[in-house]
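Asker: Below, each chain spelled out in residue letters.
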Amino acid sequence: MIYADDHYYTLHDVEKQYEFFDSIEQIRECQNKRLAVCLSDMFQWITLCLYIRQKGGMVFPIHPSTPQQGALRMATDASCHFLFYQSMHSMTELSSIEWEGEGGLIQMSSGTTGTPKCIERSWSSVEEELTSYVSTLSLDRFTTSIVACPVTHSYGLISGVLSCLKRGAEPVIITKMNPSYLLKKLNEHRNHIFYAAPTLLHTLSRLMGANQRFHYVMTSGTVIPAIWLESLKSVSTKVFQQYGCSEAGCVAVHTNLQQAWEMGYPLPHLRVEAGEMDAPSEIIVHTATNSVSTKDLGYVKDGILSFLARIDDTINVAGLNVYPQEVENVLMNEPRVIEAIVFRKQNNFTGERVCAQYVSEETIEEIDLREWCSKYLAPHQIPIEFERVSSIEKLPNGKVSRKKLAETYI
Amino acid sequence: MTREDIIQAIYHILKNKIELPTISSFHEEARLNEDLYMDSVMILELILFIELDLGIKMPDEALSPNDFKTVGHLAAFLERQHVQGVVVETHD
Numbered sequence: 001m002i003y004a005d006d007h008y009y010t011l012h013d014v015e016k017q018y019e020f021f022d023s024i025e026q027i028r029e030c031q032n033k034r035l036a037v038c039l040s041d042m043f044q045w046i047t048l049c050l051y052i053r054q055k056g057g058m059v060f061p062i063h064p065s066t067p068q069q070g071a072l073r074m075a076t077d078a079s080c081h082f083l084f085y086q087s088m089h090s091m092t093e094l095s096s097i098e099w100e101g102e103g104g105l106i107q108m109s110s111g112t113t114g115t116p117k118c119i120e121r122s123w124s125s126v127e128e129e130l131t132s133y134v135s136t137l138s139l140d141r142f143t144t145s146i147v148a149c150p151v152t153h154s155y156g157l158i159s160g161v162l163s164c165l166k167r168g169a170e171p172v173i174i175t176k177m178n179p180s181y182l183l184k185k186l187n188e189h190r191n192h193i194f195y196a197a198p199t200l201l202h203t204l205s206r207l208m209g210a211n212q213r214f215h216y217v218m219t220s221g222t223v224i225p226a227i228w229l230e231s232l233k234s235v236s237t238k239v240f241q242q243y244g245c246s247e248a249g250c251v252a253v254h255t256n257l258q259q260a261w262e263m264g265y266p267l268p269h270l271r272v273e274a275g276e277m278d279a280p281s282e283i284i285v286h287t288a289t290n291s292v293s294t295k296d297l298g299y300v301k302d303g304i305l306s307f308l309a310r311i312d313d314t315i316n317v318a319g320l321n322v323y324p325q326e327v328e329n330v331l332m333n334e335p336r337v338i339e340a341i342v343f344r345k346q347n348n349f350t351g352e353r354v355c356a357q358y359v360s361e362e363t364i365e366e367i368d369l370r371e372w373c374s375k376y377l378a379p380h381q382i383p384i385e386f387e388r389v390s391s392i393e394k395l396p397n398g399k400v401s402r403k404k405l406a407e408t409y410i
Numbered sequence: 001m002t003r004e005d006i007i008q009a010i011y012h013i014l015k016n017k018i019e020l021p022t023i024s025s026f027h028e029e030a031r032l033n034e035d036l037y038m039d040s041v042m043i044l045e046l047i048l049f050i051e052l053d054l055g056i057k058m059p060d061e062a063l064s065p066n067d068f069k070t071v072g073h074l075a076a077f078l079e080r081q082h083v084q085g086v087v088v089e090t091h092d
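These protein sequence lines map, in sequence, to chains Z and P.
Sequential numbering of the first sequence, starting at 1, is according to UniProt numbering.
Sequential numbering of the second sequence, starting at 1, is according to UniProt numbering.
Each hint should be verified, as a subset may be incorrect.
[What the hints assert, rightly or not] Pairs of lysine-lysine, BS3-like flavour, derived with a Cα cap of 27 angstroms:
hint	chain 1	residue 1	chain 2	residue 2
1	Z	Lys16	Z	Lys166
2	P	Lys69	Z	Lys375
3	P	Lys15	Z	Lys345
4	P	Lys17	P	Lys57
5	Z	Lys295	Z	Lys404
6	P	Lys57	Z	Lys233
7	P	Lys57	Z	Lys176
8	P	Lys15	Z	Lys176
9	P	Lys17	Z	Lys176
10	Z	Lys184	P	Lys69
11	Z	Lys117	Z	Lys375
12	P	Lys17	Z	Lys233
13	P	Lys15	Z	Lys55
14	P	Lys57	Z	Lys345
15	Z	Lys184	P	Lys17
[Claimed, not checked] With beta-carbon atoms standing in for the labels, derived distance ranges:
hint	chain 1	residue 1	chain 2	residue 2	range
16	P	Val83	Z	Lys184	21 to 31 angstroms
17	Z	Ser234	P	Lys17	18 to 28 angstroms
18	P	Arg3	Z	Glu387	46 to 56 angstroms
Don't read these hints as lab results, they were simulated from the structure.
Virtual Cβ for every residue (Gly too), placed ideally from N, Cα, C.
One chain only, chain Z, in its complex shape:
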């Protein structure tokens, strides 16, 4: 049914998990409930997700590296009733306010005003995406999805795991980040489609021996550098790319990538609006029920959607989005910090990194700032560099410019 690292779980194991969930009242009665879940056991998380979907409840997956205080804050912000933190036996009740809505999936995303916002997707919209996605990829049930990216986010969860289950194949979830181990797993399942962030794909392609090859690889989340794509193509049967957002899920898929900026053909259940090659504009995605402004700049040519740039300042740390405002809010809650701004900095080897400037009356040890952040933020969200400045540069209109700061550091 499903592999998590070296463990193979059968349908019988899934049934046993379901029986266990049945024994917990808050899970069993999850209709009209919003459950936040932060679990390191990936098999338990996936089965819980399937269980809640079947019951029609709402679930908010939180990345397992999130510290407890951070998970509590996120669960509260998302108006969840309960938080399960690292164990099904460790439950915090957050709210008892009645909630009547359609069940689905909660994800965090950047909003138009900049503060992270809660995206809610109904299970029926996820199902619609899955049907459309599976038919577009047209892989058979003998192609294994190997997922080496977080399965708490839609790329790993919906595209990686749920779509694989939908086409009757058995997904392999990898959490152990050892390149040689990953290569061994790829070798064990030769007929695979491998889901990972571009940095990981690049690292692995440099380690591959003469007799090692990827079958299909999927890249997503950021435009892969052209030179990386070339080396990846030379060790893969085919390179796929997908483009999407939390609001609409996967929007476009390319099943034979030649140019890094080509995101692919829009999925059949969506209508995608963007500019033309010489006049790009914001990519707008129309679903059956609503329209989503992506804040990404792009164009459509010969039916293929191309992506040019992000309009907002989201920092992409190895495929995981970091929203500067979220980190700034945490920093500015430190009593000694007067003002803070968070922006991205490029590192040749590891892609985008989170950096911060702050203003304070007194000197603050960097270690103190890191410790403060680590109480509320996941490791990938914590700034790698802190710079104390006398004032934060503002634009003539009085607003800060993260983009400008990011540019000064390139």
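Dock chain P against chain Z, hints included.
Answerer: For chain P alone, kept in the frame of chain Z given last:
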């Protein structure tokens, strides 16, 4: 290759190849996550350079997180790998 050599080599990779901004906190007891603030991608890059530059072959099984807890733990782990003779040619 002595333990000292290995620690020096790790320092060299982190400073010059990965350009780790927190390199000033480097010492034998420094924890990779908590003190050096390395994330999983950086650790992956470190493993890659260890294989390619030091010629120490990593086992193809899931690594124990304990082997990557501190610089000293990592050095001890690499020493064991090295002694076991799983050495490939260096690419330097």
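Asker: Are Lys15/P and Lys176/Z close enough, with their CA atoms no more than 27 angstroms apart?
Answerer: Given that 27 angstroms is the threshold and the Cα spacing comes to 25 angstroms, the pair holds.
Asker: Please work out if Lys17/P and Lys57/P have their alpha carbons no farther apart than 27 angstroms.
Answerer: holds, 19 angstroms
Asker: Holds or violated: Lys57/P and Lys176/Z, Cα atoms, limit 27 angstroms.
Answerer: holds, 17 angstroms
Asker: Assess, step by step, whether the Cα of Lys184/Z is no farther than 27 angstroms from the Cα of Lys17/P, and give holds or violated.
Answerer: Holds, because 26 angstroms separates the two Cα atoms, which is no more than 27 angstroms.
Asker: For the range 46 to 56 angstroms, tell me whether the beta carbons of Arg3/P and Glu387/Z fit it or not.
Answerer: Once the Cβ atoms are compared, 36 angstroms apart, the range 46 to 56 angstroms for Glu387/Z and Arg3/P is violated.
Asker: Would you mind confirming whether the straight-line C-alpha gap from Lys16/Z to Lys166/Z stays at or under 27 angstroms?
Answerer: Holds, because 21 angstroms separates the two Cα atoms, which is no more than 27 angstroms.
Asker: Does Lys233/Z lie within 27 angstroms of Lys17/P when you go C-alpha to C-alpha?
Answerer: Since the Cα atoms of Lys17/P and Lys233/Z sit roughly 25 angstroms apart, the hinted pair holds (cutoff 27 angstroms).
Asker: Does the alpha-carbon distance linking Lys15/P and Lys55/Z stay inside the 27 angstroms limit?
Answerer: Answer violated: Lys15/P to Lys55/Z is near 51 angstroms, above 27 angstroms.
Asker: Regarding Ser234/Z and Lys17/P, is the given constraint of 18 to 28 angstroms on their beta-carbon distance met?
Answerer: Once the Cβ atoms are compared, 23 angstroms apart, the range 18 to 28 angstroms for Lys17/P and Ser234/Z holds.
Asker: Run the distance test for Lys295/Z versus Lys404/Z: straight-line Cα separation, threshold 27 angstroms.
Answerer: Given that 27 angstroms is the threshold and the Cα spacing comes to 18 angstroms, the pair holds.
Asker: Has the given pair, Lys57/P with Lys345/Z, been kept, meaning a C-alpha gap of at most 27 angstroms?
Answerer: Between Lys57/P and Lys345/Z the Cα gap is close to 32 angstroms, so the pair fails against 27 angstroms, i.e. violated.
Asker: Verify the proposed pairing of Lys69/P with Lys375/Z, using a straight-line Cα cut of 27 angstroms.
Answerer: holds, 19 angstroms
This entry does not satisfy hints 13, 14, 18, going by the numbered hints stated previously.
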